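Undergrad: Now that you have both chains on their own, put them together as the hints suggest.
The listed protein sequences correspond, in order, to chains Y and D.
Just so we're aligned, residue 0 is where the first sequence starts under numbering that gives the first Met the number 0, counting upward by one.
Just so we're aligned, residue 0 is where the second sequence starts under numbering that gives the first Met the number 0, counting upward by one.
Hints listed in this document are in silico derivations from the structure and should not be mistaken for laboratory results.
Only true hints are included.
Covered stretches of chain D (chain Y as the covering partner; in silico rule of three or more C-beta atoms under 8 Å from a C-beta of chain Y):
no.	segment
1	12–25
2	103–109
3	145–157
Distance windows between CB atoms, simulated:
no.	chain 1	residue 1	chain 2	residue 2	range
4	Y	N171	D	D171	39 to 47 Å
5	D	S251	Y	L208	53 to 61 Å
6	D	I228	Y	N171	50 to 58 Å
7	Y	D349	D	D223	48 to 56 Å
Since the structure is predicted, the reported quantities are computational estimates derived from the model, not experimental observations.
Note that CB positions come from ideal geometry on N, CA and C, so glycine has one too.
This is what each chain is made of:
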Amino acid sequence: MHPILGHLRQLSLYLLAWSPLSAILFYILKSVGGLSWLQAFAMVPLLCLVYAFMCLSAWYTCRGTPLEKSGFYRLALTHLVGAVVISGMWVAVAKGWAGALSSVDAFRGLDQRFGLDYPLLFASGVLIYLLAVALHYVLLSVEFSREMEKREIQARVLARDSELKALKAQVNPHFLFNSLNSISALTSIDAGRAREMCILLADFLRKTLGLGEKIVIPLREELELVRSFLSVEKVRFGARLTVEESVAPGALDCAVPPLLLQPLVENAVAHGISNLTEGGWIRVGVSCDGNKSDAHGVDLPDDLRIEVENNFDPEMPRRRGHGVGLANVRQRLATRYGDRARFEVRAQGDRFQVSIVLPAEKAEAVV
Amino acid sequence: MNDAIRKLTAVIVDDEELARAVIREMLRAHPEIEVLGECANGFEAVKMVSERKPDLLFLDIQMPKLDGFEVLELVGSNIAVIFATAYDQHALRAFEVHAVDYLLKPVSADRFEAALERARQRLGAPLAAPIAELAAAAREPGHYAERIVVKNGTRVHIIPVAKLDYVEAQDDYVALASQGKKHLKQQTISSLEALLDPKDFLRIHRSCIVNLDRVSKVEPYGKDSHVAILSDGSRLPVSRAGYARLRAVLDSQTS
Numbered sequence: 000m001h002p003i004l005g006h007l008r009q010l011s012l013y014l015l016a017w018s019p020l021s022a023i024l025f026y027i028l029k030s031v032g033g034l035s036w037l038q039a040f041a042m043v044p045l046l047c048l049v050y051a052f053m054c055l056s057a058w059y060t061c062r063g064t065p066l067e068k069s070g071f072y073r074l075a076l077t078h079l080v081g082a083v084v085i086s087g088m089w090v091a092v093a094k095g096w097a098g099a100l101s102s103v104d105a106f107r108g109l110d111q112r113f114g115l116d117y118p119l120l121f122a123s124g125v126l127i128y129l130l131a132v133a134l135h136y137v138l139l140s141v142e143f144s145r146e147m148e149k150r151e152i153q154a155r156v157l158a159r160d161s162e163l164k165a166l167k168a169q170v171n172p173h174f175l176f177n178s179l180n181s182i183s184a185l186t187s188i189d190a191g192r193a194r195e196m197c198i199l200l201a202d203f204l205r206k207t208l209g210l211g212e213k214i215v216i217p218l219r220e221e222l223e224l225v226r227s228f229l230s231v232e233k234v235r236f237g238a239r240l241t242v243e244e245s246v247a248p249g250a251l252d253c254a255v256p257p258l259l260l261q262p263l264v265e266n267a268v269a270h271g272i273s274n275l276t277e278g279g280w281i282r283v284g285v286s287c288d289g290n291k292s293d294a295h296g297v298d299l300p301d302d303l304r305i306e307v308e309n310n311f312d313p314e315m316p317r318r319r320g321h322g323v324g325l326a327n328v329r330q331r332l333a334t335r336y337g338d339r340a341r342f343e344v345r346a347q348g349d350r351f352q353v354s355i356v357l358p359a360e361k362a363e364a365v366v
Numbered sequence: 000m001n002d003a004i005r006k007l008t009a010v011i012v013d014d015e016e017l018a019r020a021v022i023r024e025m026l027r028a029h030p031e032i033e034v035l036g037e038c039a040n041g042f043e044a045v046k047m048v049s050e051r052k053p054d055l056l057f058l059d060i061q062m063p064k065l066d067g068f069e070v071l072e073l074v075g076s077n078i079a080v081i082f083a084t085a086y087d088q089h090a091l092r093a094f095e096v097h098a099v100d101y102l103l104k105p106v107s108a109d110r111f112e113a114a115l116e117r118a119r120q121r122l123g124a125p126l127a128a129p130i131a132e133l134a135a136a137a138r139e140p141g142h143y144a145e146r147i148v149v150k151n152g153t154r155v156h157i158i159p160v161a162k163l164d165y166v167e168a169q170d171d172y173v174a175l176a177s178q179g180k181k182h183l184k185q186q187t188i189s190s191l192e193a194l195l196d197p198k199d200f201l202r203i204h205r206s207c208i209v210n211l212d213r214v215s216k217v218e219p220y221g222k223d224s225h226v227a228i229l230s231d232g233s234r235l236p237v238s239r240a241g242y243a244r245l246r247a248v249l250d251s252q253t254s
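If we strip away everything but chain D, and leave its shape as in the complex, we get (with noise of 0.2 Å):
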């Protein structure tokens, strides 16, 4: 018996058809590896994983519909993820997201074998924190998202900034509201804040950050706070940390 060698299961994620042949080709000579399936794109990678549950996930950084980074954002940190891409100028970002590996195409062997070592060891030993959190920190500085992925069940929405009006914290998850929808997300506000343009976005109260653009007005709410009304009729509470900050954002830009 050989239970030294648990039985593994994977799947392939690259838009390529030749490219994901090389890996299923490679993962042929360790049976102990299941491919569950293939996919051509973010989507599909984010559905499958969602259904599938598989261990091991091969992913392709640079696809249609959603790129490597985004699909690990929303399939959570208890996968083992080896990224394959000719493009090693993500390598850095890739090890941020604690990637277990980082193969560069055409990959050998050697490589390949390598990686697979290092996820079994990873395996051991889930992640901590969640890959959003990582995927925040991992940006480059100066360099703001330009859209936001969430996922609610096997269904992915994405929502550019642009579109986003404010957020909210719900214990461990942010409420992204957006066209009248609201859209569930576990990450922490301060780490999306960071991600958010402050030309556009400001945390006006300790758990709600808004679109600037959407203040209609700013009406006194009780002793010590506001209340922000935006364009559409939500109400947002204001801190007095915050009305000072939107007090100054809004004086800047009618001056």
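If we strip away everything but chain Y, and leave its shape as in the complex, we get (with noise of 0.2 Å):
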């Protein structure tokens, strides 16, 4: 919407903003431009006030050509032609004008007097168009700033949002809740396994903690908290549980939302190992892809692909809750990332995984 055409007060001030030019305007056709007062005062003030609606049109070429984004010529060549269209179509107006009034008894004349001055009137004209232009820019950058700070509230508030999310299905209640019952069983069979899987869980809940706030961990830490998770899963499905690990040693200091892998693995134990009677396995893989240099020949951050692949069993039905976890994942990769990120979910056979390609940067570089 037009930024002063579509508020009430801001077209009243910019209207009011053009008295003094009319007054200039209305001082020069008079001793310039050699008008009587009477006939000044028949053609100024309508001739400003429509000039006024007309200069509002530059908003949509300056809309056109960003200032940041063109090059001196393009900006240049638009306004100034921009400038000689609106301005001549006001001297038409003008002319137009004129020559209706000069068919009444008191302006006789008006209209052979009024025209040695078109060429003052289209330079003045010129001019003002390109004071609008300039006004334009600068309510343009106004709105562009306003519209980055609500964008990022939006996204800081979006991105809190789902950290919270992301920690309340972290310490799912059912996790919890098995990992109970395996140590209530293990006091009396194996007392010091019982203290074991004690100290693995409380591993794992400290390793969670304080994940909220951050907004992206070393690729390291996530993958000691998947293996804390991991381990505990470990107790209680024993050997029906295998995990296979291939992490690309050059990615382990990337930097990663938190919470990046551990719904995806949880959501591989879930759905996949614990309905497989003989066991199954969770792959997960991360490797550095493609070797980009930016123009100063420094190593631009390569894509960080990651992928956790697991078995399954097709028959079993999908049980509601499925895919919350990678919902979550996928929201928060967006929210991060925009188009920089890929997240795909293939099912294919008895074979599940998710792959994610993520800007690789490093832990260090961000804040």
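TA: Dropping the structure here:
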């Protein structure tokens, strides 16, 4: 929406700002252009009012040629052409009005008299239009910064929101209750292992604490969290759970949003392993893709490719709740990386695979 | 002599070794309950319960192959079932299928004793309705079955509803036709109808439900009735009301 035309307050301020302009034009046309008081009164205020509105059209050309993205020549050409066209139209309007007034007795001969002033009027029109262009660029930049501010706040709220959700999903009550049940069983069977399980569980819970406040963590930490989670689940599932991990050493220091991998692995346990009588496997793979350098020869971070794969029983009906964890990870990736991250889910035969590609950033570089 | 306490037999079903161990240990305080065996998945459970006929079944809900509700549906109603699970969202459904009790893991000794007490009372008075009926009634509205489980002796068949061609009522049973085979299940056709998504299945006769995908044509048959011919050549009776319903569905699909 037009920032001036759309709001009554802005419009009245804008028109008020035109009154000194109109006074100057009045003075020029009277003393230099040689109009009489009456003639000037009949012409100037109306012409100024018309031109005030005509100049508002600069908004559209300004928006079409953003200051920071357009070259000098393009800017100059666009606005000079705009100024000539708009001012030309204004002069035509002035001519029409002068012609119309001439038919009245009091203004007889005004059209001939005014005809000599057209170059003067045209030149003022060009100058005023360029002034309007400058004003609109100022308005544009104000609007832009306001928009950015709003978007940033929105992104921050979204991020916080999803972190909270992730954390809530994190301390999954099912996981906790099942683990406690395992401990309760172990206390009489093998007290040593019961204590070990308590420590593993405590370890995992401690690692998740405070994660919600961080925007990113090194992949190394996320992998530790995943291992910690899986070692608890290994007590529960015993030999039924096999884990393979292959991580490119260069990837360990890359920054990832916290709780990116853990929900995927938890999903693999809940919907894969726990439905397989003979047990199943989970594979976590991380690699770095591509090798780009920027113009200065500095190595730019590569893409980070993360895959979590597991087998599952395709004949089990899908339980509800499936996909909530996945959707959460997908949403958080989209909030943080936009188009720069990819998230794909594939189920083929008895294999379920989630792959994520995100721009690798070094963990230290991100604050 | 301790005649007041009847000797009971029990089977423990849970896919987690440690979870079975807790129940086994708690039962150790009850010499009057004999543990016949333990099962790690739904298939084993159905087989063992059919063969050994225990009085009492400790049943986990989330398990490989068949979940706890499906196991219960297959093993019939003259057994006292105690669900033991970490998931409390199933509690309501558990009581609707007349489970004796619903234990939340980890289970306390007091709670376990209370469940056993309830089981003893229940064993005096067996249920009237077949569990399959109760299971059908316990389903949440708007959620339809994705598969149907059928037991044949000790063998369990899982029929995904997409592979179900038609269902015929036969006395107290329904015959489920799938891929050229028929499976018998003790259930009424009406309760089965309630489990099937009406978008895919239609009751075309008092004794017949058909998978709409399989219908290839409908021909007049006799004065008032019609016959539906399926893509595999099977012919099913269509009543007058059934024909009206079928017409409505087929017309809405073609238009």
